[in-house]
Amino acid sequence: MAKIIFTKQAEKSFSKLKPSDKEKISRAVEKLSKNPLAGERLRGEFEGQYKLRAWPYSIIYVVINTSHAVIIVEIGHRQGVYK
Numbered sequence: 001m002a003k004i005i006f007t008k009q010a011e012k013s014f015s016k017l018k019p020s021d022k023e024k025i026s027r028a029v030e031k032l033s034k035n036p037l038a039g040e041r042l043r044g045e046f047e048g049q050y051k052l053r054a055w056p057y058s059i060i061y062v063v064i065n066t067s068h069a070v071i072i073v074e075i076g077h078r079q080g081v082y083k
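Using our numbering, read the sequence shown as starting at 1 and increasing by one per residue.
In case anyone wonders, no lab produced these hints; they're calculated from the structure. Careful: at least some of the hints might be erroneous.
To be verified - No more than 30 Å apart at the CA atoms, straight line, and that leaves these computed lysine-lysine pairs for DSS-like:
(1) Lys-18 with Lys-8
(2) Lys-22 with Lys-3
(3) Lys-31 with Lys-51
(4) Lys-34 with Lys-24
(5) Lys-3 with Lys-34
(6) Lys-51 with Lys-16
(7) Lys-18 with Lys-31
(8) Lys-51 with Lys-34
(9) Lys-8 with Lys-34
(10) Lys-12 with Lys-22
(11) Lys-8 with Lys-22
(12) Lys-16 with Lys-31
(13) Lys-34 with Lys-18
(14) Lys-22 with Lys-34
(15) Lys-51 with Lys-12
(16) Lys-24 with Lys-12
(17) Lys-51 with Lys-24
(18) Lys-24 with Lys-3
(19) Lys-22 with Lys-51
(20) Lys-8 with Lys-51
(21) Lys-16 with Lys-3
Said to hold, decoys possible - Between beta-carbon pairs, the in silico distance windows are:
(22) Ser-67 with Glu-30: 17 to 23 Å
(23) Ser-20 with Asn-65: 19 to 25 Å
(24) Gln-9 with Glu-30: 18 to 24 Å
(25) Pro-19 with Arg-43: 14 to 20 Å
(26) Leu-42 with Met-1: 22 to 28 Å
(27) Met-1 with Gly-80: 29 to 35 Å
(28) Glu-47 with Ser-20: 28 to 34 Å
Every residue, glycine too, gets a C-beta built ideally from N, C-alpha and C.
Using the sequences provided together with the hints, build the complete structure.
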C-alpha cells in the first residue's frame, strides 16, 4: 500500500470542494493507495505525472517507487487543472 502525500496546493484545492466532491476524491485517492499506477500517464509538459479522473475532477499525481509514495500534485476540474 502506497503512502499518500498532498502538496499544499492539492490540500488547498481539496479544502474548497463540496462535501460530496470530497467524498469522490477520497475514494479515488484510496484507490491510488492500493494501485498507484491506476491512472493514465501524462505526456508533454506533464511527462512523469499521472492523472486519475473522479468526474468532473482530475487528480494529478506523481509516483515515487523507491519510497512507495504517491504525491498528489493538484486536484481540479478536468478542464482547468492543467493550466
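Here's how the hints hold up against the structure:
For the suggested pair Lys-18 and Lys-8, the alpha carbons sit about 18 Å apart, so the restraint of at most 30 Å is met. For the suggested pair Lys-22 and Lys-3, the alpha carbons sit about 19 Å apart, so the restraint of at most 30 Å is met. Restraint check: the Cα-Cα separation between Lys-31 and Lys-51 comes to about 13 Å, which is no more than 30 Å; the hinted pair holds. Of the supplied pair hints, the one linking Lys-34 and Lys-24 holds, its CA atoms being roughly 16 Å apart against a limit of 30 Å.
With a CA separation close to 9 Å, the supplied pair Lys-3 and Lys-34 stays within the 30 Å bound. A distance of roughly 20 Å separates the Cα atoms of Lys-51 and Lys-16; the hinted pair therefore holds under the 30 Å criterion. The suggested pairing of Lys-18 with Lys-31 holds, with an alpha-carbon distance near 20 Å, which does not exceed 30 Å. Only pairs whose Cα atoms come within 30 Å are accepted, and Lys-51 paired with Lys-34 is accepted, the gap being roughly 15 Å.
Between Lys-8 and Lys-34 the CA atoms are separated by roughly 23 Å; this keeps the pair inside 30 Å, and the hint holds. Between Lys-12 and Lys-22 the CA atoms are separated by roughly 12 Å; this keeps the pair inside 30 Å, and the hint holds. For the hint linking Lys-8 to Lys-22, the alpha-carbon distance of about 16 Å falls within 30 Å, and the restraint holds. Restraint check for Lys-16 and Lys-31: satisfied, since their Cα atoms lie roughly 21 Å apart, inside the 30 Å limit.
Restraint check for Lys-34 and Lys-18: the C-alpha separation of about 25 Å stays at or below 30 Å, so the hint holds. For the hint linking Lys-22 to Lys-34, the alpha-carbon distance of about 19 Å falls within 30 Å, and the restraint holds. The suggested pairing of Lys-51 with Lys-12 holds, with an alpha-carbon distance near 18 Å, which does not exceed 30 Å. The hinted pair formed by Lys-24 and Lys-12 meets the criterion: a straight-line CA distance of about 16 Å does not exceed 30 Å.
For a cut-off of 30 Å, the pair hint linking Lys-51 to Lys-24 stands: about 15 Å separates their Cα positions. Taken as a hint, the Lys-24 and Lys-3 pair is honoured in the structure, with Cα atoms around 19 Å apart against an allowance of 30 Å. Proximity of Lys-22 to Lys-51 is assessed by CA-CA distance (about 17 Å); at most 30 Å being required, the pair is judged to hold. As the CA atoms of Lys-8 and Lys-51 are separated by approximately 18 Å, the hinted pair is consistent with the 30 Å bound.
For a cut-off of 30 Å, the pair hint linking Lys-16 to Lys-3 stands: about 23 Å separates their Cα positions. Take Ser-67 and Glu-30: their Cβ atoms lie about 19 Å apart, and the range 17 to 23 Å holds. Remark: the range hint 19 to 25 Å for Ser-20 to Asn-65 is contradicted by a beta-carbon distance near 33 Å. In this structure the supplied range 18 to 24 Å holds for Gln-9 paired with Glu-30, their Cβ-Cβ distance being about 21 Å.
The beta-carbon spacing between Pro-19 and Arg-43, approximately 34 Å, falls outside the hinted interval of 14 to 20 Å. With their beta carbons about 23 Å apart, Leu-42 and Met-1 fall inside the hinted range of 22 to 28 Å. In this structure the hint that Met-1 and Gly-80 lie 29 to 35 Å apart at CB holds, the actual value being about 31 Å. Range check, Glu-47 to Ser-20: Cβ separation about 33 Å, and the 28 to 34 Å hint holds.
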